[in-house]
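K.L.:
Listed here are the chains, written in short residue letters.
Protein chains: 2
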Amino acid sequence: RMDTRSMWLYRWYYSGTSQWILSFIIFLILSLAFIETPSSFTSTSDIRYRTEPWNPPCGLTEGVEGLCLLAFAADLSVKSYLVGWAQFRKSLWLLAYLVVLVASFLDWMVSLGLVCQEPLRLRRLLRPFFLLQNSSMMKKTLKCIRWSLPEMASVALLLALHLCVFTMFGMLLFTGEKDDRQDRERLTYFRNLPEALTSLLVLLTTANNPDVMVPAYSKNRAYAIFFIAFTLIGSLFLMNLLTAIIYNQFRGYLLKSFQASLFRRRLGTRAAYEVLSSTSGGAGVRAQDLLQVLRRVQVDGTRKQVVMERVRSHGSGLLSADEFQKLFNEFDKRVTKEHPPPPEYRSPFLQTAQFLFGHRYFDYLGNLIVLMNLVSICVFLAIDADILPRDRDDFILGIFNCVFVLYYLAEMLLKVFALGLLGYLSYPSNAFDGLLTVVLLVLEISTLAVYGFPHQGWKPEMKGLLSLWDMVRLANMLIVFRFLRIIPSMKLMAVVASTILDLIRNMRAFGGILVVVYYVFAIIGLNLFRGVIVAPPGNGSLAPDNGSAPCGSYEQLEYWANNFDDFAAALVTLWNVMVVNNWQVFLDAYQRLSGPWSKIYFVLWWLLSSVIWVNLFLALILENFLHKWDRRGHLHSLSGDLEASYE
Amino acid sequence: RMDTRSMWLYRWYYSGTSQWILSFIIFLILSLAFIETPSSFTSTSDIRYRTEPWNPPCGLTEGVEGLCLLAFAADLSVKSYLVGWAQFRKSLWLLAYLVVLVASFLDWMVSLGLVCQEPLRLRRLLRPFFLLQNSSMMKKTLKCIRWSLPEMASVALLLALHLCVFTMFGMLLFTGEKDDRQDRERLTYFRNLPEALTSLLVLLTTANNPDVMVPAYSKNRAYAIFFIAFTLIGSLFLMNLLTAIIYNQFRGYLLKSFQASLFRRRLGTRAAYEVLSSTSGGAGVRAQDLLQVLRRVQVDGTRKQVVMERVRSHGSGLLSADEFQKLFNEFDKRVTKEHPPPPEYRSPFLQTAQFLFGHRYFDYLGNLIVLMNLVSICVFLAIDADILPRDRDDFILGIFNCVFVLYYLAEMLLKVFALGLLGYLSYPSNAFDGLLTVVLLVLEISTLAVYGFPHQGWKPEMKGLLSLWDMVRLANMLIVFRFLRIIPSMKLMAVVASTILDLIRNMRAFGGILVVVYYVFAIIGLNLFRGVIVAPPGNGSLAPDNGSAPCGSYEQLEYWANNFDDFAAALVTLWNVMVVNNWQVFLDAYQRLSGPWSKIYFVLWWLLSSVIWVNLFLALILENFLHKWDRRGHLHSLSGDLEASYE
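So the sequences go chain by chain: A and B. For the first sequence, the residue numbers in the working numbering are 307 to 953. For the second sequence, the residue numbers in the working numbering are 307 to 953.
One should not assume that every hint holds.
In this list, chains with the same sequence are indistinguishable; a pair is considered to hold if it fits within one copy or across any two.
Listed below are the simulated DSS-like cross-link pairs for lysine-lysine, each with C-alpha atoms no more than 27 Å apart in a straight line [as the list claims (entries may be wrong)]: (1) 905 with 632; (2) 905 with 396; (3) 385 with 632; (4) 934 with 562; (5) 385 with 449; (6) 934 with 449; (7) 905 with 934; (8) 632 with 934; (9) 934 with 446; (10) 610 with 396; (11) 445 with 610; (12) 396 with 934; (13) 396 with 385.
Note that these hints are calculated values from the structure, not bench results. Please read these numbers as outputs of a predicted model, since none were measured by experiment.
Input sequences plus hints: build the corresponding full structure.
P.N.:
Here it is, written out as structure tokens:
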């Protein structure tokens, strides 16, 4: 559709504001999970100490949700209007959007009809879909994952075969009739087929590594070979093969998407040229026409200025296609940010001072001072390690911190003097510094105001929100945080740190997929395992007696806070299972308390999060780093390279 | 040196036999570590049950070692004679070889002089050097590792910074004065700086993941953010960045070494051409000359035949350089192994039978039967899980196995009939099958011979070496093993499996480096920690009371067998630390029993094995797999590609 109204709607829909509003609505509907019953508004999720959470009255979250759903309906109608009915029927994503929206509405109405007492909220499971369909990158990533599924399945099959063969071997090996010790291996890990399979599955993640071999290995060294061979083949070969397969699928992923976006941009430029040149009879583009258009489009201000400048300097002749293209290449260039000029002082003394304090050696001195401050804090931490906090003497540390904060203040002011306020703030590291210095200053002044000047044996009572000790502690933490300013000063570390920053920029799609997976599994877990774990008998305020629980069990390790009783707790529990270490404890506890089928949930989560997602993440890091490395190493202009490849 | 004697020596030295002898001597001197005091010849390394090991008399291992050292001296002298004095002085490896050899001899003499009572055997540490210097691939890999050291150091620095900043944060965060629960976090994990550092270092490997956050998280949900942020940045970002750096260094490693060897070969061919053509006046090579030379060189028989055939067919004209090169390309080609022709039968019945049993559907039937056998074993394992082995009735399983083994025998014979004996053996999968079938048959027959025919309630007493149950068990294990023959039949799995096989071929250098690192660390560990762990009081045959040990400690987990009291035990202990899970238990135990400096040893081992080596291994897998993938996917002849790149 090319009529004026559609164009206006298109512009408005894809403008920054409306996209931002859409993102906010998605965020809002996703974050409802924290508030809805069971709400996560308790200070702890430990079932022994947990207080009754505040539950929102019926209609509050439902009202917000209804508004969100209405917004999505509007979004869908605009989208489908823009793509047209013919496209809409073909687009699976839009159709799914419609279905999900209708299902959510129906479920929402059922909820309201039952006055929020419904046993199951299906729509909570569907919510992550809104996040998914709004990001084209995430859809692309999903497609990539789908492509690598067949090969991943082959490795998974190999893994399953490996697991089964070793399980049968183990069952036949550890039967132990004569000996008490060998029998312990059987009784603990190889009692029956499902248990043996679980033991070896956990060993595949190395989470029960020495333990599973201990009883057998204590009897005979040779049994170690069985376990070592299993881990070697399973964890080292097959798991890494999975990584290789996933990485292979994502190789060139970044380059390809970069190429595609560049290609689309060039195509757009060319189309614009054709349109503009048609007004002047097809021979070229008049500079005035271009200037007129440029004045009306919304793009980044500084670059637009540069391009318009260039167009003006071109004179009144016609622009050829090549020149036109080159002009627009200006938009692709990375702007090297220019710092505002430093203020100019007349007096030679001030000029010398400006040179001194604007020099990078002054930065180094600052870094050194921060380091000294850190060392002083370290020393005090080491000295005070065995003294209880209330007996610590904060006199000297207080004085030290005061002195250092004064130095930071002086440094900031001198730098502002040397570079000018805008010049100072144009460096991100300075802005970071300055912010922390101001916060530290405010903290120090409020400490002085509340507790007075420091003196020997200075241990005032607590006044206001924070005790003196807390104030000092907070100041120390901020100083530690301020220390991070040294990162850009070290060349090698700066490269690595900038890679990480680039990575974070590129991995929004991966993060989004992680959010979707976490969300879905947390909601499922909430429905399956809510209230399954029951607090042990005993007074909440006293540490309950856990002497009776066997070592290594959920109860003995006091994992009470890791449960599925509310959304936030479920997220942390899922994180802990994803990190894999000790996940057999959760496996065992939930198997005991809610049945053996719970294993399926945990194993699925392990596969999705720890196996697939972590490997995906590794692939992304490899891709990003090698991409960057290639650019640095071969010094070839990527853009020029691409030009050659698609022309 | 080009004189006849040197040439003869060169040929003899690089012949298969002498290189094999050298490898064997290296293997011998390395394996001495198992025999020398403290010898590893006990059935278990568990200090509670261990018997006094047999110790070799003084002079036995020393004698073998002396012979080995003499052999190395001969090897060194031949090598240095062949490279010449000028080259020798420049080659660091040869100089180091000399130094190591002299040091070993001196140490050996000291040993003999002290009648094997010396406190420290320095030369045991030096032994892996002999392995290292003998393999050019390992030297190359080491060089690769050295190149990536600067970047690895930058990430390590970042990791250290990350660790330090979070340690200080943690120390300032977990001071807990008012609350008993928050104080538990401090007392357990953040008592003082070294302990906090250790806790977070272990968390970096995720080995104490939920535990370290449990006390704080039980108090307030927000504390989880600290630990999650730490793991996210440390384990996911920085550790994977290390992987990326190592992989980046090893990218193209295989391709490069392949290129280099091809290039050297081409260069050699060209040189041979020049030499041969100079005899005929420089215009070309006479075919007779080439045939004469070919007759005298030692290369693979079948290929030589092919090349000589081609030379003869060329006639008596002169060979140009191009033709000469093409002839020698024959040597680069992969020979596709030809199977011997099947026997030809006259009778049509026999021909039909041959067609039937030579068909691949007959293979599939065999696979199906193996699967059925496996299922039957599984069923019996599941049924008998809760019955003690001595009460199990093996009657039905015995009959089943008998029937299946008879089928396997029939299958083997029919296949031999269809393909001929040589044709049958020319397939590796058939050879594997046949071998296992024969072993199974022997086992079944000996079972019959010893215990007679099976009958209901068949539980004979033990006769000979193995009881009936053990015999059946062994047969079952062999059947499980035989099941692996299905792997090549499944296409996707065959690709993955062949990648793994390729990998094993390519990773000898990596394996060698692992052996070197393990050897050195095991010897150091032996010297540092031998006898540090003392058996708990109590009778060895009774399970000692471990109720008093705190949960999660070395004593409670009964890791007694994981110690450094002999070489084999040290290897297993190092493996367990390398797998990382629960390594904090070893860290803690050795810190308690031999001092805080022991941490350095374990952390160094973790860095070398788990961080560097495992990443190296992953890089190798990625490299291999992608290499293979490229060849399969793009279908470009690598050899042709290389030709273009170096010409």
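K.L.:
Would you mind marking each hint as holding or not holding in the structure?
P.N.:
Hint-by-hint comparison with the structure:
In this assembly of identical chains, residue 905 and residue 632 lie within 27 Å of each other by CA distance neither inside one copy nor across copies; the values are 60 Å within and 61 Å between. Proximity of residue 905 to residue 396 under the C-alpha cut-off of 27 Å is found in neither arrangement, the shortest distances being 39 Å within a copy and 63 Å between copies. In this assembly of identical chains, the alpha carbons of residue 385 and residue 632 never lie at most 27 Å apart, being 34 Å within a copy and 63 Å across copies at closest. For the homomeric pair residue 934 and residue 562, the shortest alpha-carbon distances inside one copy (14 Å) and between copies (22 Å) are both at most 27 Å.
For the homomeric pair residue 385 and residue 449, the shortest alpha-carbon distance inside one copy (22 Å) is at most 27 Å, but the shortest distance between copies (58 Å) is not. In this homomeric assembly, residue 934 and residue 449 come within 27 Å of each other (Cα to Cα) both inside a single copy, at 24 Å, and across copies, at 24 Å. For a Cα distance limit of 27 Å, the shortest separation of residue 905 from residue 934 qualifies neither inside one copy, at 42 Å, nor across copies, at 37 Å. Within a single copy, residue 632 and residue 934 get their C-alpha atoms as close as 25 Å, which meets the 27 Å cut-off; across copies the closest is 41 Å, which misses it.
In this assembly of identical chains, residue 934 and residue 446 lie within 27 Å of each other by CA distance both inside one copy and across copies; the values are 22 Å within and 26 Å between. In this assembly of identical chains, residue 610 and residue 396 lie within 27 Å of each other by CA distance neither inside one copy nor across copies; the values are 38 Å within and 62 Å between. Neither within a single protomer nor between protomers do residue 445 and residue 610 lie at most 27 Å apart by alpha-carbon distance, with minima of 32 Å and 56 Å respectively. With identical chains, the CA atoms of residue 396 and residue 934 are never at most 27 Å apart, being 38 Å at best within one copy and 38 Å at best between copies.
Taking identical chains as interchangeable, the C-alpha atoms of residue 396 and residue 385 lie at most 27 Å apart only when both belong to the same chain, with a minimum of 14 Å there against 73 Å between chains.
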